[in-house]
Amino acid sequence: MIEVQNLTKRYGQNTVVNGLTFTVRSGTVTGFLGPNGAGKSTTMRMMLGLTRPDTGFARIDGHAYRELSYPLRQVGSLLETSAPHRSLLAADHLLWLVQSNRIARRRVHEVLEMVGLTAAARQRIGGFSLGMTQRLGLAAALLGDPPVLILDEPLNGLDPEGIRWLRELLRRMAAQGRTILVSSHLMTEMSMIADRLIIIHHGHLVADTRMSDFIQRHGRTYVRVRTSEPELLGRELERNGAALTPGSDGSLEVAGLAPAEISRLAAAQGLSLAELSTHSASLEDTFLAVISQEGTSTHV
Amino acid sequence: MSETIAAIQAEFTKLRGVRSTFTALLLFVPVSILVAAVDGWSAKGAIESHSPALRAGFTPQQAGLDGILYGQLALIVFGVLIVASEYSSGMIRVSLLAVPRRGRLYAAKMVVTAAAAAIVAIPVTLVSYLATQLALGPHGVSIGDHGVPRALAGAVVYLTLMCLFAASAAAVARNAVLPLIILLPMVLAGSHILSILGATKAIARYFPDQAGTDLLTVNSHDTSFGFAVLLTWTLAASAWGYLRHTRWDM
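Sequence lines, in order, name chains A and B.
Heads up: the first sequence runs through residues 1 to 300, numbered per this note's numbering.
Heads up: the second sequence runs through residues 1 to 250, numbered per this note's numbering.
Among the hints, a few may not be true.
[As the list claims (entries may be wrong)] Incomplete in silico selection of chain A near chain B, CB under 8 Å:
1) Leu48
2) Thr51
3) Tyr65
4) Leu79
5) Ala83
6) Pro84
7) Ser87
8) Leu89
9) Gln99
10) Asn101
11) Arg102
These aren't lab readings, by the way, just hints derived from the structure by calculation.
We put the beta carbon where it would ideally sit given N, CA and C, even for glycine.
The shape of chain B in the complex, shown without the other chains:
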């Protein structure tokens, strides 16, 4: 056990030291909060001018969670890079010389990825919500409104699982390129488009990001379904990544 704790400590030092990985994690903070603020500010303008640009079903509560939907791109890049940078640099061999039990190294990596994502996601989710409400001015609502605390907690769970999913995908691919060109467009647009088209709507529910989005929908009825789907994706990807990691032979 103490070997695993030592490995976790070492992984934290690596995270802090490898610039690209650490930068991606930090970028999550300003992207989320800025988008949240701009979103609130433009919604305020739309409300006050009775603009048709305000989307149907707009609620200030839900708007408070828009920022992190964009911020998650940085978090996905972070998840991919924390694993892929080991392979691209050749450091994976040094890591395995220091921690030769493959399962231990993999577990340490995933624990650090999840912990880093959660530690950053908690304050950023809260601050983003508050930034949107602040920008909405008189139209802003309280953080204690019905369903909001649960949606915020769901958002933290969603962000952490998506980050782990990205890290697992990188462990499967053993590089950054493939996971990024699949995950980023999927999160940005792909499965969202599927969910709008009537024919594919039923399928889109089973995509990790769409299912996960149920987690951060205020007063969603599908929270547990969405959570189950996203968790299944994450665990499956993680297990596959683990197999690829243990069978890696140079």
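Excised from the complex, chain A in its bound form:
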């Protein structure tokens, strides 16, 4: 479990994280979302003791990160800004990490195998592609078999196969009761990985909820209708309380009426329907809608 309590960080005049409080539960994959500059990376660095908060604290299973004696056994982490030295061999990078935390040496080969870098173990990190560097970072995070994972943009640079592998790994680790916090700007991927969402904007909390509740509550669900007489049908639907948005290709996006009702009203007018389909909002649509609302409300 990760607790964040009243966390604030200022850089000069700029308040990057502003009184943030939330809890990341064990046994779930929690997605950490926010537009660029929302304060996600700063919050993660404060959780990991790299950045000192101006107020508040972050605790991991009840302890500040800096108090952990062998932290890699408790928390695996991946940060965008942290990089291994380019001239180190991949295996040597993992070797000094296991030595520093007294982790069994065989873990080096185990995690290299897990991330598919066994063949690159004796290569210098400087020659790695973005995807390989990311895999090595994930290997480092998994070294201590930690109960908590904090991963900042772990999907960056991974190919579709790698993304799928990571998704399954994180789901499996969550099912084992671990605590997993993942930030990403890839909404479609996030909607497939995370059970819960924590959304921040301008450094404060916007949502802390189950993924499905979030989309249900904030997302726009509509029925797309296509017919030869859209204006006639449109008038009829609006008379029955529907809200209409014209679709791009002459279709109508209808909110507020069930498909069966729309079909009945069309039939009553003697119109046939070429399409009648229900669309629920994607995480991306919902996220953008919520963020833009937040944006206006905070500026008013």
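Given chain A, work out where chain B should sit, using these hints.
Showing chain B alone in chain A's frame:
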């Protein structure tokens, strides 16, 4: 305590693995020994041809310590790089994630720097001295001559402290460039020139390298003064580096 030992072990692996750092440490060996040998060989020629090029006050004992004065440049580069490479690569963040107690990480780094410098400096100082004497041929003197063992031991202490001083300077600057452009010219020429000019001679005694040089002067009367000055510099730089390290916030 065992966490600190683990951190030290990890720092040794990093030292071995990061190419530029390890290369600088290794370069100390051939530079010192080669310069020592060439120095002895050219002195031999000068003695035998009664050349005026032989500097005043030349003694074969002191000549045996000339090699490491040039070799120390490599050791200073090593000291700077072992710290600065963490910042230039961004690895410092990974290091702090593995060893989040700032003081522990800093101590481990400094222990490894000092240990590596001392382990290499001991044989290189001895071999350099012997190489000079060998090159001097019939003019060479014994390693057991009066004051020589003490000067050789002083040289090892000097090299280790200079290396720590360089590492501390890099911790203060958080990069390699500034410490190198200050330290290398200072050691090569700067404070030596100050020590020749009458007016600045008194000040030059308080420069770390000039003060330290007393340590490796055969039969010096200022050994303890020089040692005290160099130690003070090293401890002050190290303390400042520690403060910069603990207050580092990303």
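Taking the hints in turn, this is what the structure says about them:
Checking A/Leu48 against chain B: minimum C-beta separation of about 6 Å stays under 8 Å; hint holds. Proximity of A/Thr51 to chain B holds as hinted, the smallest CB-CB distance being about 5 Å (cut-off 8 Å). The criterion of a C-beta within 8 Å of any C-beta in chain B is met by A/Tyr65, whose closest approach is roughly 6 Å, and the hint holds. Annotation: A/Leu79 was flagged as interfacial toward chain B, and the flag holds, the nearest CB pair being 6 Å apart, inside 8 Å.
Restraint check, A/Ala83 versus chain B: the minimum CB separation of about 4 Å is within 8 Å; hint holds. Against a cut-off of 8 Å between C-beta atoms, the interface hint on A/Pro84 holds, since the closest Cβ of chain B lies about 6 Å away. A least Cβ separation of about 4 Å between A/Ser87 and chain B falls short of the 8 Å threshold, and the interface hint therefore holds. For A/Leu89, the interface hint holds, since its Cβ comes within 8 Å of a Cβ in chain B; the closest pair sits about 6 Å apart.
Checking A/Gln99 against chain B by beta carbon gives a least distance of about 4 Å; that is within 8 Å, so the hint holds. About 6 Å separates the beta-carbon of A/Asn101 from the nearest beta-carbon of chain B, less than 8 Å, and the hint is met. A hinted interface residue such as A/Arg102 counts as satisfied when its beta carbon comes closer than 8 Å to some beta carbon of chain B; here the least separation is about 5 Å, so the hint holds.
Comparing the model with each numbered hint stated earlier shows that all of them hold.
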